[in-house]
Amino acid sequence: MAQPVPHQASDKRRVKVYELRSNDWYDRGTGLVTATFTTTDDGRKDPRVIVESEEEPNRLLLDTRIHKQDGFQKQQDTLIVWQEPGSGVDMALSFQESEGCTLIWRFVNNVQQAMNHNTTVTDDGLSDDLAIEVPAPVSLPPAELGNLAEIESSMRMMASTANGRDALAKSIMAQNYIGKLIPLVEMAEDLESLPDLHRLCNIMKTVLLLNDTTIIEHAVSDECVLGVVGALEYDPDFPSHKANHRHWLDNQGRYKEVVPIEDKLTRQKIHQTYRLQYLKDVVLARILDDPTFSVLNSLIFFNQVDIVQHLQSNTAFLTDLFTIFTSRCVDPRRRKEAVLFIQQCCAIAKNIQPPARQTLYNNFIAHGLLQVIHFGLRHADVAVRVGATDIMISIIDHDPHMIRQTMYRQMHDEQNGLLDSVIELLLVEVDLGVKSQLAEALKVLLDQAPPMQGPQEQFPKTNGEFTARPRPSVGASDPQHELFLTRFYERYAPRLFKPLLDLESRTDMSFNSRKGFAAP
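Note that full-length UniProt numbering has the sequence shown beginning at 1, numbered continuously upward.
Certain hints may be false.
Derived DSSO-like pairs (lysine-lysine); straight-line CA-CA distance at most 27 Å [said to hold, decoys possible]: (1) Lys180 - Lys74; (2) Lys170 - Lys74; (3) Lys269 - Lys256; (4) Lys205 - Lys170; (5) Lys264 - Lys280; (6) Lys336 - Lys269; (7) Lys435 - Lys336; (8) Lys280 - Lys180; (9) Lys256 - Lys74; (10) Lys256 - Lys350; (11) Lys350 - Lys435; (12) Lys336 - Lys256; (13) Lys205 - Lys269; (14) Lys12 - Lys74; (15) Lys242 - Lys280; (16) Lys443 - Lys498; (17) Lys350 - Lys269; (18) Lys280 - Lys74; (19) Lys170 - Lys180; (20) Lys336 - Lys264; (21) Lys180 - Lys242; (22) Lys350 - Lys264; (23) Lys350 - Lys336; (24) Lys269 - Lys170; (25) Lys435 - Lys498; (26) Lys170 - Lys280; (27) Lys205 - Lys180; (28) Lys264 - Lys205; (29) Lys280 - Lys205; (30) Lys256 - Lys280; (31) Lys242 - Lys74; (32) Lys74 - Lys205; (33) Lys205 - Lys242; (34) Lys350 - Lys498; (35) Lys269 - Lys280; (36) Lys264 - Lys242; (37) Lys180 - Lys269; (38) Lys45 - Lys74.
It should be emphasised that the hints constitute simulated quantities derived from the structure, not laboratory data. Please read these numbers as outputs of a predicted model, since none were measured by experiment.
Start from the sequences and build out the full structure, keeping to the hints where you can.
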């Protein structure tokens with residue numbers, strides 16, 4: 001039942017609401033946000049952030065109370081993230097315009113400052129423009145080798161309080177302090193001064209763990225990234241070991257463009273996302289705290305969504321991508337990379353809104369996605385088979401009818417199609433992960449239950465294992481589905497169950513894995 005919408009301020013801003021589930025951001029929908037005070041039963045003023053659904057104005061996508069310590073943080077110009085105190089769930093608001101983000105952020109920030117100073121939070125206590133108290137500016141010592149010990153201790157002291165961290169972050173960006181520290185890494189290496197390199201590493205850790213989005217984005221920019229990770233190669237916790245982050249990130253061969261991407265901004269986001277992922281998973285993995293981990297995950301996710309949405313709307317790009325599988329003069333490695341690229345796109349699509357996801361799959365299918373799945377399922381490389389299986393399951397998870405219709409058409413035309421590939425792979429596959437996913441996909445395709453309303457999780461996992469799908473309800477079924485089932489049991493079931501039927505008369509129980517499959 002929809003919650004009643006409380007009285008809200010007239011100035012509403014358009015936002016997307018996201019919720020972090022299993023380290024992935026789930027899109028809860030688009031709506032209009034207000035930050036306002038509601039009156040409780042006992043007459044108290046309750047500061048809240050409320051989002052009404054754009055499509056269903058009587059339904060709330062979000063209604064959260066602003067608490068004293070729930071980690072509200074402003075990231076980039078259009079993003080606010082926080083953690084719900086009761087459930088511990090990470091949430092995010094992605095604004096259409098930076099002005100709206102600034103307005104809501106000022107309200108939240110002022111409310112929390114009033115709470116931290118133990119003053120009464122009231123509607124009248126906030127100014128009309130919700131102005132933020134600006135932290136006093138700080139002065140850092142000049143970026144020189146002789147000052148590294150002082151810089152390290154000053155930063156560490158300032159980073160110990162919330163206001164100090166905010167002031168330090170603003171000072172670092174205002175002075176381009178990261179850019180001034182980077183040349184010191186090369187100077188210390190030339191002098192072979194290990195103590196200075198260790199201090200530079202500690203300083204760079206402190207800077208990145210300030211949990212400031214602007215600083216992190218600047219740190220992974222083209223002009224800074226190699227200098228930043230260069231300083232982090234000399235970790236004083238491992239004095240006899242030197243990492244090779246610069247060698248890894250500077251190797252342009254790691255950036256594989258399956259199809260050339262002409263848009264400069266999209267290419268930059270791809271490179272930035274790769275660097276953020278490397279920073280999260282390798283460089284800072286040992287010391288990463290929860291807030292910084294959340295910031296990095298948010299930046300990666302929103303970049304990925306922007307990249308996928310740009311690429312799927314680029315007809316020329318999609319044509320070039322899927323032509324890889326129809327052209328005869330293509331390097332097999334390029335086809336493999338194309339399957340893995342499409343797999344990544346489908347994985348990201350799971351977290352975007354259903355209409356956008358539907359558009360993505362429609363565009364992919366129109367350009368030949370099902371041929372890609374057919375190709376991948378019959379490939380000798382297990383990575384390609386896993387990729388093709390993941391792509392197919394992403395579509396079935398979203399709308400089983402899409403795949404079922406194609407299989408029915410191929411059955412009707414007596415083609416050796418997608419269902420043939422699934423059956424053959426089930427019989428010979430040795431990878432249990434692929435096998436279990438294919439089995440679950442086949443169960444969903446054969447299910448007689450009526451279509452679900454809205455997106456549902458067709459493949460839930462418990463402790464890493466696939467759980468049984470609910471039994472279908474008995475009712476009126478689609479005539480085409482009845483024909484699909486009839487043809488399946490007449491034509492495909494005998495082949496699928498033949499190994500079981502043959503066991504009765506079989507004396508030799510040794511089996512040849514992947515018999516009959518040839519590398520494309």
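Outcome of the hint check:
1. Taking the CA atoms of lysine 180 and lysine 74, the gap is near 26 Å; set against the 27 Å cutoff, the hint holds.
2. A C-alpha spacing of about 13 Å is found between lysine 170 and lysine 74, which places the hinted pair at or below 27 Å, so the restraint holds.
3. Between the alpha carbons of lysine 269 and lysine 256 the distance comes to roughly 14 Å, so the proposed pair stays at or under 27 Å and holds.
4. As the CA atoms of lysine 205 and lysine 170 are separated by approximately 17 Å, the hinted pair is consistent with the 27 Å bound.
5. Only pairs whose Cα atoms come within 27 Å are accepted, and lysine 264 paired with lysine 280 is accepted, the gap being roughly 24 Å.
6. The hinted pair formed by lysine 336 and lysine 269 meets the criterion: a straight-line CA distance of about 23 Å does not exceed 27 Å.
7. Between lysine 435 and lysine 336, the direct Cα distance comes to roughly 20 Å. Compliance with the 27 Å bound is thereby established for this hinted pair.
8. Distance restraint check for lysine 280 and lysine 180: the Cα-Cα separation of roughly 24 Å lies within the 27 Å cut-off, and the hinted pair is therefore satisfied.
9. Our distance criterion of 27 Å between C-alpha atoms is broken by lysine 256 and lysine 74, whose separation comes to about 33 Å.
10. Restraint check for lysine 256 and lysine 350: satisfied, since their Cα atoms lie roughly 23 Å apart, inside the 27 Å limit.
11. This hinted pair checks out: lysine 350 and lysine 435 have alpha carbons roughly 22 Å apart, not beyond 27 Å.
12. At most 27 Å may separate the alpha-carbon atoms for a hinted pair to count; lysine 336 and lysine 256 meet this at roughly 12 Å.
13. At roughly 23 Å between alpha-carbon atoms, lysine 205 and lysine 269 fall within 27 Å of each other, so this suggested pair holds.
14. As the CA atoms of lysine 12 and lysine 74 are separated by approximately 18 Å, the hinted pair is consistent with the 27 Å bound.
15. In summary, the hint linking lysine 242 to lysine 280 is supported, as the alpha carbons are separated by about 18 Å, within the 27 Å threshold.
16. For a cut-off of 27 Å, the pair hint linking lysine 443 to lysine 498 stands: about 18 Å separates their Cα positions.
17. Our distance criterion of 27 Å between C-alpha atoms is met by lysine 350 and lysine 269, whose separation comes to about 20 Å.
18. A distance of roughly 19 Å separates the Cα atoms of lysine 280 and lysine 74; the hinted pair therefore holds under the 27 Å criterion.
19. At most 27 Å may separate the alpha-carbon atoms for a hinted pair to count; lysine 170 and lysine 180 meet this at roughly 15 Å.
20. In summary, the hint linking lysine 336 to lysine 264 is supported, as the alpha carbons are separated by about 25 Å, within the 27 Å threshold.
21. Using a Cα cut-off of 27 Å, the hinted pair lysine 180 and lysine 242 holds, with the two alpha carbons roughly 23 Å apart.
22. With a C-alpha separation of about 26 Å, the suggested pair lysine 350 and lysine 264 falls inside the 27 Å cut-off, and the hint holds.
23. A distance of roughly 22 Å separates the Cα atoms of lysine 350 and lysine 336; the hinted pair therefore holds under the 27 Å criterion.
24. Proposed proximity of lysine 269 and lysine 170 is supported: the alpha carbons are some 24 Å apart, at most 27 Å.
25. A hinted pair counts as satisfied when its Cα atoms are at most 27 Å apart, and lysine 435 with lysine 498 qualifies at roughly 17 Å.
26. Distance restraint check for lysine 170 and lysine 280: the Cα-Cα separation of roughly 23 Å lies within the 27 Å cut-off, and the hinted pair is therefore satisfied.
27. Proximity of lysine 205 to lysine 180 is assessed by CA-CA distance (about 16 Å); at most 27 Å being required, the pair is judged to hold.
28. The straight-line distance between the Cα atoms of lysine 264 and lysine 205 is roughly 30 Å, outside the 27 Å bound, and the hint therefore fails.
29. Straight-line distance between C-alpha atoms of lysine 280 and lysine 205 comes to about 12 Å, which keeps the hinted pair within the 27 Å bound.
30. Proximity of lysine 256 to lysine 280 is assessed by CA-CA distance (about 21 Å); at most 27 Å being required, the pair is judged to hold.
31. Note on lysine 242 and lysine 74: the hinted pairing is violated, with a Cα-Cα distance of about 35 Å set against a maximum of 27 Å.
32. This hinted pair checks out: lysine 74 and lysine 205 have alpha carbons roughly 21 Å apart, not beyond 27 Å.
33. For the proposed pair lysine 205 and lysine 242, the alpha carbon gap of about 16 Å is at most 27 Å, so the pair holds.
34. As the CA atoms of lysine 350 and lysine 498 are separated by approximately 36 Å, the hinted pair breaks the 27 Å bound.
35. A threshold of 27 Å between alpha carbons decides the hint, and for lysine 269 with lysine 280 the separation of about 16 Å falls inside it, so the pair holds.
36. The straight-line distance between the Cα atoms of lysine 264 and lysine 242 is roughly 34 Å, outside the 27 Å bound, and the hint therefore fails.
37. Under the criterion of a C-alpha separation no larger than 27 Å, the hint pairing lysine 180 with lysine 269 is consistent with the structure, at around 25 Å.
38. Distance check on the hinted pair: lysine 45 and lysine 74 sit about 24 Å apart at the alpha-carbon level, within 27 Å; holds.
The structure fails hints 9, 28, 31, 34 and 36 (numbered hints given earlier, in ascending order).
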